Amino acid sequence: MATYITNEAIAAGQRLDALAPSHAAGAVVSFTGYVRDHNLGEAVSTLYLEHYPGMTERALAALEIDAYARWPLLAVDIIHRVGELTLGDVIVFVAVASAHRQAAFEAASYLMDQLKTHIPLWKRECHTASTTPVWLIPH
Amino acid sequence: MATYITNEAIAAGQRLDALAPSHAAGAVVSFTGYVRDHNLGEAVSTLYLEHYPGMTERALAALEIDAYARWPLLAVDIIHRVGELTLGDVIVFVAVASAHRQAAFEAASYLMDQLKTHIPLWKRECHTASTTPVWLIPH
Amino acid sequence: MNIELRLFARYREATGVDHERICSAAETISELREVLLARGDHWLVLADERLCCARNQTLCSLDSALCDGDEVALFPPMTGG
Amino acid sequence: MNIELRLFARYREATGVDHERICSAAETISELREVLLARGDHWLVLADERLCCARNQTLCSLDSALCDGDEVALFPPMTGG
Chain A
311 MATYITNEAI AAGQRLDALA PSHAAGAVVS FTGYVRDHNL GEAVSTLYLE HYPGMTERAL
371 AALEIDAYAR WPLLAVDIIH RVGELTLGDV IVFVAVASAH RQAAFEAASY LMDQLKTHIP
431 LWKRECHTAS TTPVWLIPH
Chain B
311 MATYITNEAI AAGQRLDALA PSHAAGAVVS FTGYVRDHNL GEAVSTLYLE HYPGMTERAL
371 AALEIDAYAR WPLLAVDIIH RVGELTLGDV IVFVAVASAH RQAAFEAASY LMDQLKTHIP
431 LWKRECHTAS TTPVWLIPH
Chain C
122 MNIELRLFAR YREATGVDHE RICSAAETIS ELREVLLARG DHWLVLADER LCCARNQTLC
182 SLDSALCDGD EVALFPPMTG G
Chain D
122 MNIELRLFAR YREATGVDHE RICSAAETIS ELREVLLARG DHWLVLADER LCCARNQTLC
182 SLDSALCDGD EVALFPPMTG G
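Protein chains in written order, with my numbering: chain A, 311 to 449; chain B, 311 to 449; chain C, 122 to 202; chain D, 122 to 202.
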């Protein structure tokens, strides 16, 4: 029902409950991504998320349309946090509602794949063992 | 963190927020199943869920152990409603937490597949067009 | 042998039985099913070729051997989730 | 041609530039990148072989042609999600 970028904490549970939009939806699949305390063997203390204002919103809106075109979805939620985050904060919340469960699982997984590689967002980590922040590089 | 059968409404959003158990979890995938207003072309009014008390709980506990053995999971939630349900009610809530997203998606999808076929639960629908309830038959 | 029989869903409704203690010489669940089918009309629902069963609350096959005191459940394919 | 250049993440930090209006004869994003690399040390970060780019806020390839007034963004591989 929404696609946006935010500096504020994301209330994943509230979003989940708000998603089932009609009695036609049998299945809601959600993904919630949290700031983890480790990454690639390094202990993480904080995470900074940079984005490209304007393009990010356009890319998310296009991604939502793309998902509706690929699966028979009844609702889509894509919310991405930016700015300074700390351990346990929600980075991203994605949820989709569909009449059927397979479409919902596939679409949620697809949206996460696309978010990782096609939306202008960049993560910079602070490690507890170092004072120099590190920009993440995809494999 | 819990596996149980209940006659009460399931608070999916609350369960989702409660699941991320530690700062080691980067990914939480949830599935929420709702009573839909239609099934196989019939308009549905209510749904009754029967189960096998004792065996259901054992089978769910075994399923949880099975999931932990197959994927590196940090938390598993499997909650299934039984009794009389109405449109929009949550039938089932499944959520898993893992350090990584692929394991979380795979495990949640697997748990739903198993719930559909290996846990002693049976659905009986009332259709708006008929006074005779119909037991569902898997394809 | 004493067997604790349990029926669920459609089978329970058709037979009117959800729970019954049976004393039988049946040595497998399949044989027990034959005994029940012989009871007549209401019990023919158990001829269902998709019938599933559990012995002592664990899914099993119809040719599972029975022991005295076993709990045997017969039910249609499960439809949870 | 006037180009609105934007840099993000590691490129922004290394060059100290997040946003700059450039007047250049470059006809493609690739040519614009060469112009920037020639500025010296701090700009060598743009030699990154995994450099990505967008023209007017849409992902594109480095050989995309430029038009007057285009907004061109250069950035490392994205790491959202």
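Since the hints were derived computationally from the structure, they do not count as laboratory data.
Where hints are given, some of them may not hold.
[Claimed, not checked] Cβ-Cβ distance ranges computed for the label pairs, FRET-style: (1) D:E152 to B:P382: 27 to 37 Å; (2) C:A135 to B:E352: 46 to 56 Å; (3) B:H348 to A:Y378: 18 to 28 Å; (4) A:P382 to B:T441: 52 to 62 Å; (5) A:T396 to B:P382: 23 to 33 Å; (6) A:Y314 to D:E141: 21 to 31 Å; (7) C:C144 to B:R368: 23 to 33 Å; (8) B:H348 to A:W445: 46 to 56 Å.
Every value quoted in this text rests on a predicted model; they were computed, and no experiment measured them.
We put the CB at the ideal spot given by N, CA and C, even for glycine.
Would you pick out the hints that fail for this structure and give their numbers low to high? Violated hints (numbers, rising): 1, 2, 4; every other hint is consistent with the structure.
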